[in-house]
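J.: What follows is the residue order along each chain.
Number of protein chains: 2
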Amino acid sequence: MPVYKAPVEDVMFLLNDVFPIERYNNLPGFAEATPDMVEAILGEGAKLCEEIFTPLNRIGDLEGCVRNADGSVTTPKGFKEAYEAYAAGGWMGLSMPEEYGGQGLPSTLTVVMQEFLSSANLALGMYPGLTQGATAALLVHGSAEQKKTYVPKMVEGTWTGTMNLTEPHCGTDLGLLKTKAVPNGDGSYAISGTKIFISAGEHDMAENIVHLVLARIEGAPAGTKGISLFVVPKFLVKEGGSLGERNGVSCGSLEHKMGIHGNATCVMNYDGAKGWLVGEENRGLNAMFVMMNEARLAVGVQGLSQSEVAYQNAVAYAKERLQGRALTGPKFPDKPADPIIVHPDVRRTLLSIKAFNEAARALLVWTALKSDIAHRSSDDAERQSADDHMGLMTPVVKGVLTDLGFDNAVKAQQMFGGHGYIEEWGMSQFVRDARIAMIYEGANGIQAMDLVGRKLGKDGGRAVMAFFNEVGAFCQENANDESLKDFISPLQQGLGHLQQATMWFMQNAMAKPDNAGAGATDYMHLFGLVAMGYMWARMAKVANEKKVKGNGVADKMDAKLLTGRFFMERLMPETASRLACISSGADVTMAMPMEMF
Amino acid sequence: MPVYKAPVEDVMFLLNDVFPIERYNNLPGFAEATPDMVEAILGEGAKLCEEIFTPLNRIGDLEGCVRNADGSVTTPKGFKEAYEAYAAGGWMGLSMPEEYGGQGLPSTLTVVMQEFLSSANLALGMYPGLTQGATAALLVHGSAEQKKTYVPKMVEGTWTGTMNLTEPHCGTDLGLLKTKAVPNGDGSYAISGTKIFISAGEHDMAENIVHLVLARIEGAPAGTKGISLFVVPKFLVKEGGSLGERNGVSCGSLEHKMGIHGNATCVMNYDGAKGWLVGEENRGLNAMFVMMNEARLAVGVQGLSQSEVAYQNAVAYAKERLQGRALTGPKFPDKPADPIIVHPDVRRTLLSIKAFNEAARALLVWTALKSDIAHRSSDDAERQSADDHMGLMTPVVKGVLTDLGFDNAVKAQQMFGGHGYIEEWGMSQFVRDARIAMIYEGANGIQAMDLVGRKLGKDGGRAVMAFFNEVGAFCQENANDESLKDFISPLQQGLGHLQQATMWFMQNAMAKPDNAGAGATDYMHLFGLVAMGYMWARMAKVANEKKVKGNGVADKMDAKLLTGRFFMERLMPETASRLACISSGADVTMAMPMEMF
Chain A
90 MPVYKAPVED
100 VMFLLNDVFP
110 IERYNNLPGF
120 AEATPDMVEA
130 ILGEGAKLCE
140 EIFTPLNRIG
150 DLEGCVRNAD
160 GSVTTPKGFK
170 EAYEAYAAGG
180 WMGLSMPEEY
190 GGQGLPSTLT
200 VVMQEFLSSA
210 NLALGMYPGL
220 TQGATAALLV
230 HGSAEQKKTY
240 VPKMVEGTWT
250 GTMNLTEPHC
260 GTDLGLLKTK
270 AVPNGDGSYA
280 ISGTKIFISA
290 GEHDMAENIV
300 HLVLARIEGA
310 PAGTKGISLF
320 VVPKFLVKEG
330 GSLGERNGVS
340 CGSLEHKMGI
350 HGNATCVMNY
360 DGAKGWLVGE
370 ENRGLNAMFV
380 MMNEARLAVG
390 VQGLSQSEVA
400 YQNAVAYAKE
410 RLQGRALTGP
420 KFPDKPADPI
430 IVHPDVRRTL
440 LSIKAFNEAA
450 RALLVWTALK
460 SDIAHRSSDD
470 AERQSADDHM
480 GLMTPVVKGV
490 LTDLGFDNAV
500 KAQQMFGGHG
510 YIEEWGMSQF
520 VRDARIAMIY
530 EGANGIQAMD
540 LVGRKLGKDG
550 GRAVMAFFNE
560 VGAFCQENAN
570 DESLKDFISP
580 LQQGLGHLQQ
590 ATMWFMQNAM
600 AKPDNAGAGA
610 TDYMHLFGLV
620 AMGYMWARMA
630 KVANEKKVKG
640 NGVADKMDAK
650 LLTGRFFMER
660 LMPETASRLA
670 CISSGADVTM
680 AMPMEMF
Chain B
90 MPVYKAPVED
100 VMFLLNDVFP
110 IERYNNLPGF
120 AEATPDMVEA
130 ILGEGAKLCE
140 EIFTPLNRIG
150 DLEGCVRNAD
160 GSVTTPKGFK
170 EAYEAYAAGG
180 WMGLSMPEEY
190 GGQGLPSTLT
200 VVMQEFLSSA
210 NLALGMYPGL
220 TQGATAALLV
230 HGSAEQKKTY
240 VPKMVEGTWT
250 GTMNLTEPHC
260 GTDLGLLKTK
270 AVPNGDGSYA
280 ISGTKIFISA
290 GEHDMAENIV
300 HLVLARIEGA
310 PAGTKGISLF
320 VVPKFLVKEG
330 GSLGERNGVS
340 CGSLEHKMGI
350 HGNATCVMNY
360 DGAKGWLVGE
370 ENRGLNAMFV
380 MMNEARLAVG
390 VQGLSQSEVA
400 YQNAVAYAKE
410 RLQGRALTGP
420 KFPDKPADPI
430 IVHPDVRRTL
440 LSIKAFNEAA
450 RALLVWTALK
460 SDIAHRSSDD
470 AERQSADDHM
480 GLMTPVVKGV
490 LTDLGFDNAV
500 KAQQMFGGHG
510 YIEEWGMSQF
520 VRDARIAMIY
530 EGANGIQAMD
540 LVGRKLGKDG
550 GRAVMAFFNE
560 VGAFCQENAN
570 DESLKDFISP
580 LQQGLGHLQQ
590 ATMWFMQNAM
600 AKPDNAGAGA
610 TDYMHLFGLV
620 AMGYMWARMA
630 KVANEKKVKG
640 NGVADKMDAK
650 LLTGRFFMER
660 LMPETASRLA
670 CISSGADVTM
680 AMPMEMF
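First to last, the protein sequences are chains A and B. Just so it is clear: in the first sequence, position 590 is 679 by our numbering, and no numbers are missing. Just so it is clear: in the second sequence, position 184 is 273 by our numbering, and no numbers are missing.
Hints are computed from structural coordinates only; laboratory data are not their basis. Treat each hint with caution, since some may be false.
Copies of the same chain are indistinguishable here, so a pair counts whether it falls within one copy or spans any two.
Calculated pairs, DSS-like style, for lysine-lysine (alpha carbon to alpha carbon, straight line, at most 30 Å) [stated by the list, open to error]:
| id | residue 1 | residue 2 |
| --- | --- | --- |
| 1 | K424 | K630 |
| 2 | K547 | K638 |
| 3 | K630 | K166 |
| 4 | K645 | K169 |
| 5 | K574 | K169 |
| 6 | K166 | K237 |
| 7 | K269 | K237 |
| 8 | K574 | K601 |
| 9 | K269 | K630 |
| 10 | K169 | K94 |
| 11 | K327 | K94 |
| 12 | K269 | K420 |
| 13 | K601 | K638 |
| 14 | K601 | K645 |
| 15 | K314 | K424 |
| 16 | K408 | K601 |
| 17 | K236 | K635 |
From just these sequences and the hints, can you work out the full model?
T.: As structure tokens, this is what we get:
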């Protein structure tokens, strides 16, 4: 049975030392988030994840969800109770506004909890996760009445939420979507159509399900400019908030998936279901983007989460499994063989995962804090710059953290040899579950195009220039710090490669956009490496300082520094080959005739 | 339902043009293998794979194998008949000696057929595959009587074979194995112990199963020097060859695996089973290595096989799925959207798989031909150099082709977006099936250590120097060929990186073996890139020549050249980062205290 221990200590290192949240005491909700309070909250959350969610992970994988003859869906044994415990603990509303029953704490804490939750049980964590995204969309774009009707119930967790975008013939290209909305004449619309891949579309955990649905109002323009967003509850809500009759939306079937079996992935049939417009007519994509950006960050978190839990289990195995002897002679001569963690290739593999995990977590916490600033600061310039950061980093976090999160789950599985392939050990599930994160909320190729085609040039490149300036300034400021020399020089080199790649796009992709398309994925990964390298440099600086101060943390800070040096030596060199691929351009890629593939 | 078309034409390009087998007419069995004959044989084999094996692939995944209450195992519907068709077609004996009922044709053809078979149905292909490995071990190390008793039945496919190495507490480190062999006094031994992960250990396809089992004779030395190999038939064989009583070996349970569900992966219980020594006492590992080397090449083939079939399905989908418009404007304005194959990132992904597949196939055919030379040539020097090549390339082929084969199956799955995650589309199965190839027959980290720790230095580095000389000479000879400039220069650079890495090991790993261990996996991949780059350079040279000759193949040769240029531009740059990782050494990797992981 796989184990999991939430990395609270590593998070506290980030929140107390690397990006001290105390600095943001002026923001609403932050003053309450004192270090002690944060540690206590995360400790409670960790307990919930470790004790309630983790043991249900394999059960969920084995049982899956079942659609009953009446169209209802039964989730795996224990899921309902676990979800209720989560809701009862107030976790749904941790960062939600107090006026709707939330606690108004920094959303950074919710992001951290998403990591714990997803590591413990990815499929189960999706039910609250999607609800939070749907709630965010309603908070931003819903009418006062919609907010009053739905948000308090979603914050308390009595109702859950979904997002309905994909249709059988369209996923990425939402302009093709066909689901229809016909005005009923009473302010509501009759929604008809089929949506697929709807996570948590139907289940037995909540009293009601609040579907946010993209549809086309009769007579709306073709393409993406004719799409509107609707709220469609499973049960209609009566005046006063009690539940009325069943709406015309139902689960037609469940998908048979490679993983996340505990999540009910539904085909949803809308058959004249009653829905209400959210936000402006034909501006549905705009409204949905609030939810999608939230969801994309959460999916990036999922990438890290599977890497982390797979790592923890691989380390435990590598310390126990006796096989062979260290190359330099027996390390445990009293045992029949050494534990495999003595072998350099095993250590290299484990360290490559660890070095990613800690950098990815830093990148997420940094970005989540920017999200809090973007939403809560009263300073226009600060808000804008935080918003720039979010826009730029969202595709990087989603694309890079899920690609590498999956790779790392595979690497961790490899540590188990043949046992890794056997389902009982649980490593296969981490791999199968992690796989979806590269696909949903915009496949990673789309993230790369979002970064290169949209985010780079936005506002004259303001966001990317700010990032380059910040990293460059950090390198300059610390160029003479001998204790950081293993960090600054590779970071500078990586930044140089990223800047060259950016320049190459500016010179070669304006006239020939295929040059951007063919280099986009390499660029996204190059960007991710530099962003994580920057996180390591910042963590190393803090680790050096804490080491000097003592307080009994020297060993841990040494481990931090070693892990960071590993990242710099072993992961950063890839920036050079990414640059080479990008600057080879699109000619060969585009020249191949379609029939020759 | 996934499709598959065996790449006969690409194989014929290799066998007729790149490594013309006509050149080897002096070897036994090769004179019969005329180009027309080879094409006819492979055409028949392709048909069998496409029409019989492919349609059973998903059925095998869904049904899996079932162990019945009496310990017998039922394979998925249709497997038995498909296997019988394969055996009846004489495919088991394609390259086996004529005196045992085989056809004596080049074993290269068997390797090619293994690719087709594994693409069509990896799990089903394992039953004949393992039998061929067991037959090879008996042919080399078995007594005359053992060969007479077992080999003809295995060649005709009436009996199948297995290899039994792994035990619950030992896989890689066979020195720990506990299975016991006690002399019965009549020349036979009583074998007792538990073996795990035994592929095709029990099933309903054959009349008898011939287990090759590693065990320790009572009183034998500890460690690997006390291990002997035994042949243990499921049913004892009477004088004259008919089947006698059931032997004391049975399937205790089947493993629940991530993939290859159609393969019966058994826990085998040996309870005083009657076995006979194969080869010399305490030299069992040596005898088993014949089988293991054969099996490692076959597993490399499996890596390619899943990459190829996943690619074919991804291409078909990318040509059909309409989503978005080309960056340079609609390519199919009459359709609601363009097929996704117009998008540069989709083409880049598909080409990266195609460029690997064709290079990997060339590497396998080249290596298989060396195997034929090593086994059939009467020229000592030629045999030795072919054997050197085999030893050097076996870990590269196994490790690199399975790592990249899996990565490519994942990439191909990604082309399907959300549909790729749904089991009905079949892409998940390719990923899950491909995953095992990185693990079994020596996990890929072990392959890397075999390459770096054993093969590099063997015979004073004779094998690796011969490889460097061959590639270097090719580069020099073609340095002024303008039509090869896109190939020679990156190949030279890659070779330079490989030579530097080799030199670095010579200077740094003698005194500190951890430096070899920490760089082994990077080195294996660096080696694989250079070997595949060399294959591309050779194919490009031939493609240029064929293009000049005309004969209506110019378009196909252009496609070959484009694919090769893609490899050089987009895959070869990685050699630089691999070198950087290797030469960063082991210090950081080894410095981390065990408790800090």
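J.: Are there hints from earlier that the structure breaks, and if so, what are their numbers?
T.: 1, 2, 3, 4, 5, 6, 9, 11, 13 and 17
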